[in-house]
Amino acid sequence: MSTDLPVLSPKDFASDQEIRWCPRCGDYSILAQVKKVLPTLGLPKEKFCFISGIGCSSRFPYYMDTYGFHSIHGRAPAVATAVKMANPELQTWVITGDGDALSIGGNHLMHAIRRNVDLKIILFNNQIYGLTKGQYSPTSPQGKRTKSTPVGSVDYPLNPLSVALGCEATFVARSVDVDIKHLTMVLERAAHHKGTAFVEVYQDCNVFNHKAFEFATDKKIKDDNIIYLEHGKPLTFAKGTKGIRVNEGSRPEVVDLDGSVAEDDLLFHDEKAVEPSLAFMLARMRYPQFPEPMGIFRALEKPTYDEVANQQIDDAIADKGRGDLTALFNKGDTWEVK
Amino acid sequence: MASVDVPQAEATGEGKKLETLESVVVRFCGDSGDGMQLVGTQMTNVSAAFGNDVSTLPDYPAEIRAPAGTLAGVSGYQLCFSNHDIFTPGDEVDTLVAMNPAALKTNVADLKRGGTLIVNEDAFDKSNVQKATYETNPLEDEDGLQAYRVHKVPMTRLTRDAVDGLGLSVREADRCKNFFALGLSYWLYERDATPTEDWVRAKFAKKPEIMEANLRALRAGYNYGFSTESFTVHYEVAPAKLPPGRYRKLTGNEATALGLVTGATNAGRNLFYAGYPITPASDVLHELSTMKHFGVKTFQAEDEIAAMCAAVGAAFAGELSVTASSGPGICLKGEAMGLGMITELPMIIVNVQRGGPSTGLPTKTEQADLLLSMFGRNGESPLPILAAQSPADCFALVQEAQRISVEFMVPVIFLTDGYIANGAEPWRIPEVDSLPKINVRHQTELNGDGQYLPYKRDDKLVRPWAKPGTPGLEHRVGGLEKSDPTGNVSYDPDNHEAMIRRRAQKVAGIADSIPEQEVDGAQSGDLLVVSWGGTYGAVRTACRQAAQEGKSVGHAHLRYLNPFPKNLGEILSRFDKVLVPELNMGQLRLLLRNEFLVDARGFNKIKGKPFLVSEVVDAINGMLDS
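Protein chains in written order, with my numbering: chain D, 1 to 338; chain W, 339 to 964.
Source of the hints: derived by calculation from the structure; they are not laboratory data. Don't take every hint at face value.
To be verified - Lysine-lysine pairs mimicking DSSO-like chemistry, simulated, CA-CA at most 27 Å apart:
no.: 1; chain 1: W; residue 1: K544; chain 2: D; residue 2: K320
no.: 2; chain 1: W; residue 1: K805; chain 2: D; residue 2: K47
no.: 3; chain 1: D; residue 1: K222; chain 2: D; residue 2: K211
no.: 4; chain 1: D; residue 1: K45; chain 2: W; residue 2: K794
no.: 5; chain 1: D; residue 1: K222; chain 2: D; residue 2: K239
no.: 6; chain 1: D; residue 1: K181; chain 2: D; residue 2: K45
no.: 7; chain 1: D; residue 1: K338; chain 2: W; residue 2: K544
no.: 8; chain 1: D; residue 1: K45; chain 2: D; residue 2: K11
Between the sequences and the hints, there should be enough to build the whole structure, so can you do that?
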């Protein structure tokens with residue numbers, strides 16, 4: 001039987017709804033790249049499901065002509081876990097933001113990741129609450145002055161990738177909204193990963209936190225400030241003039257590649273390392289002390305929650321036969337009244 | 339294997355009197371580590387298997403093991419077995435088995451005057467007496483217990499003697515004394531120990547010395563009653579005349595789980611259950627997690643909110659979904675229940691009510707979440723509410739909740755309470771073919787002009803249910819107000835009001851699909867007693883007593899709380915007075931007064947305990963006399 005799939009294009013994934021993000025919001029680019037990736041995956045439209053929480057980014061499902069669920073604040077991973085468990089054939093994406101995923105929804109994010117549910121979780125990190133008009137978020141740098149912190153925020157920020165790695169994520173990546181090629185590559189890799197794929201995207205909120213990631217987006221300076229991770233390759237940046245080496249104290253350090261350091265002495269990236277310590281060290285490298293790594297930090301295969309949970313059911317049916325109500329009713333002590 | 343040869347045939351021939359009783363209430367009480375729930379359950383099982391009607395009331399502390407010997411650590415299990423139909427585990431205790439001073443202190447007040455008191459006198463040492471806050475040993479106080487027939491039995495010593503030679507430690511030996519107490523109770527009430535012996539053999543198959551020890555303790559207890567002069571009389575209770583059929587014993591939580599899987603299986607569907615452990619609802623999760631071969635998917639979520647969201651997500655994906663919790667958990671679920679409401683997806687929310695507010699009394703019963711169920715969500719968010727009236731009723735009514743949820747595309751709240759969830763009664767096993775079938779329909783075709791309209795309603799205002807994965811019906815739902823009928827986000831004022839009214843109208847319209855309310859006893863007259871939920875047994879018994887005394891009393895027990903049965907207002911108008919007994923401060927009363935402008939009066943008890951029949955009788959008489 002032929003099961004030829006229609007050839008889909010990004011346009012086929014656009015819904016008829018008017019997009020209501022602010023002009024020049026970073027979300028537009030992420031939406032465009034997701035629409036670009038989906039037709040490459042060999043799945044018909046009805047097999048995609050986008051689930052979001054609350055926040056600017058969480059309007060995302062309305063703009064996709066797929067199945068979608070705009071749920072409640074912070075809870076998308078829980079909704080998505082059940083969708084995936086119920087129907088493992090759906091490729092299920094979670095669209096979330098820094099407040100949604102790491103503040104109100106931190107618990108659900110943590111548990112979806114540690115269960116390794118087969119979800120693609122895209123966290124739009126703009127380091128601010130946009131929808132509620134500009135309060136600091138759990139990823140805002142300390143001292144951030146906002147409407148709710150007029151003299152500067154007191155709390156220390158969370159590092160989304162450290163959180164994901166701490167939850168034993170099997171796939172962890174980072175990209176930037178305007179780095180179209182790189183973002184497409186990262187989203188594609190996430191889509192192909194079996195298990196929880198956690199992707200942090202630096203996203204510009206041009207109204208409430210414009211240029212928060214200028215160091216990583218401004219063409220004039222970004223080469224010095226970000227470092228592209230490639231599996232099996234040494235960590236170099238600034239057009240190959242600098243590299244990262246692990247020093248005697250087991251800490252990363254920036255070295256000049258002026259001939260004094262051999263390439264072999266540099267840190268080589270290994271996204272398949274079972275021990276998360278390398279990925280964790282990379283996640284901790286923050287601007288301006290270090291260039292910030294972009295790309296796939298970690299990509300491991302591990303049985304997924306939805307797969308094993310459904311397998312248990314198949315096994316039980318294979319073992320006991322499909323459940324019979326009469327037998328169930330008569331289980332245990334019964335007696336006859338005449 | 340050692341055989342346990344209980345000398346039943348001779349039991350009546352040793353000169354001991356055998357009296358016949360209609361109904362008996364026995365309560366076992368001791369430390370929470372003494373195995374009182376176990377022996378209570380065993381005696382219930384053998385009584386049910388013998389053919390008595392049974393009703394039980396387990397009563398245990400929230401702490402798993404409060405310090406031994408203290409008042410806080412007392413655990414009790416009450417059962418009533420009878421030769422006729424009974425609705426409650428009994429007001430007063432005929433035989434109280436108290437394993438230590440703390441158990442005696444906290445329970446003796448419920449023992450009827452002239453009742454039988456069996457105590458483990460070995461446990462009444464100075465330390466235990468002090469822990470129970472007695473100033474002196476109550477067993478040495480002749481006046482204090484003179485109202486009862488007291489049997490001081492050295493259970494610890496006799497149990498140790500019975501298991502001597504099996505190589506058990508003192509601690510292990512002492513753990514068998516609950517079986518001694520059980521064996522003695524079996525002699526006292528002419529119970530056949532065989533089902534319990536079989537149970538012990540199966541349970542301890544891999545620990546032969548423990549098996550043998552428990553069997554010996556059971557036999558020693560039985561023989562103690564048989565041979566010592568302390569007991570001169572014992573009793574029998576004939577089987578009840580229950581409708582013919584095969585029976586088993588069910589607790590409310592078991593019945594809820596069984597009903598849920600039955601509803602799903604008969605609908606040809608898998609059940610999706612999401613829950614977070616909470617007393618007294620966890621057993622629903624435990625039960626369902628053993629039913630994987632029925633295709634039941636259970637998800638132990640990270641918290642109550644996630645469990646509710648998972649129920650919503652599974653429903654969106656096209657599953658028959660359910661979550662169960664108790665009051666504090668239901669509060670956490672509130673926002674996501676609203677999401678289920680506005681997205682108009684079918685699911686069941688089971689609330690096994692317990693004492694509140696906040697953490698309240700986790701292991702005690704109450705029915706104080708009715709108004710939470712009615713109004714506990716933001717915005718206008720009415721949901722259908724059903725409440726089971728007895729343990730076995732959970733089986734049928736939760737299937738009815740599933741039917742309503744699927745037929746009307748709406749989350750349904752199913753209320754039980756700690757009393758019926760943990761209490762047990764005989765359940766006549768139905769023929770599978772005789773059970774209702776839920777008709778689940780998923781939209782597979784476009785229903786608009788070249789498009790799918792997820793909020794296009796039918797004549798009952800019900801929207802279609804399209805499963806993700808269905809080609810061509812891709813659509814989005816969510817918590818923002820929906821545009822009628824596209825489901826797109828809409829801030830239009832008229833649309834909002836129309837959608838609010840339509841959702842409410844749809845729920846109100848469920849009244850057309852539920853049975854009319856029935857009245858037991860007088861169909862009109864002086865007093866109508868209106869009750870709901872787990873108080874059914876006590877209120878029904880009290881009303882029938884009143885009717886037998888010639889009083890003009892009718893009883894309407896509601897299983898449908900929202901919407902109310904269509905004829906309820908008319909019923910209320912046929913009586914001069916209306917009494918609403920509730921284990922809360924008057925929640926149904928408030929709803930009845932609001933809906934029907936009726937001068938309903940309340941009889942309210944908030945002690946974490948069910949009504950006694952006598953309390954309701956007094957309330958009825960008080961109302962009739964006023």
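Tested hints:
1. Distance hint between K544/W and K320/D is fulfilled; the C-alpha atoms sit about 23 Å from each other, no more than 27 Å.
2. For a cut-off of 27 Å, the pair hint linking K805/W to K47/D stands: about 10 Å separates their Cα positions.
3. Between K222/D and K211/D the alpha-carbon distance is near 13 Å, which keeps this suggested pair within the 27 Å criterion.
4. This hinted pair checks out: K45/D and K794/W have alpha carbons roughly 22 Å apart, not beyond 27 Å.
5. This hinted pair checks out: K222/D and K239/D have alpha carbons roughly 10 Å apart, not beyond 27 Å.
6. Under the criterion of a C-alpha separation no larger than 27 Å, the hint pairing K181/D with K45/D is consistent with the structure, at around 23 Å.
7. Proximity of K338/D to K544/W is assessed by CA-CA distance (about 37 Å); at most 27 Å being required, the pair is judged violated.
8. Taking the CA atoms of K45/D and K11/D, the gap is near 12 Å; set against the 27 Å cutoff, the hint holds.
The structure is inconsistent with hint 7 alone, although it conforms to all the rest.
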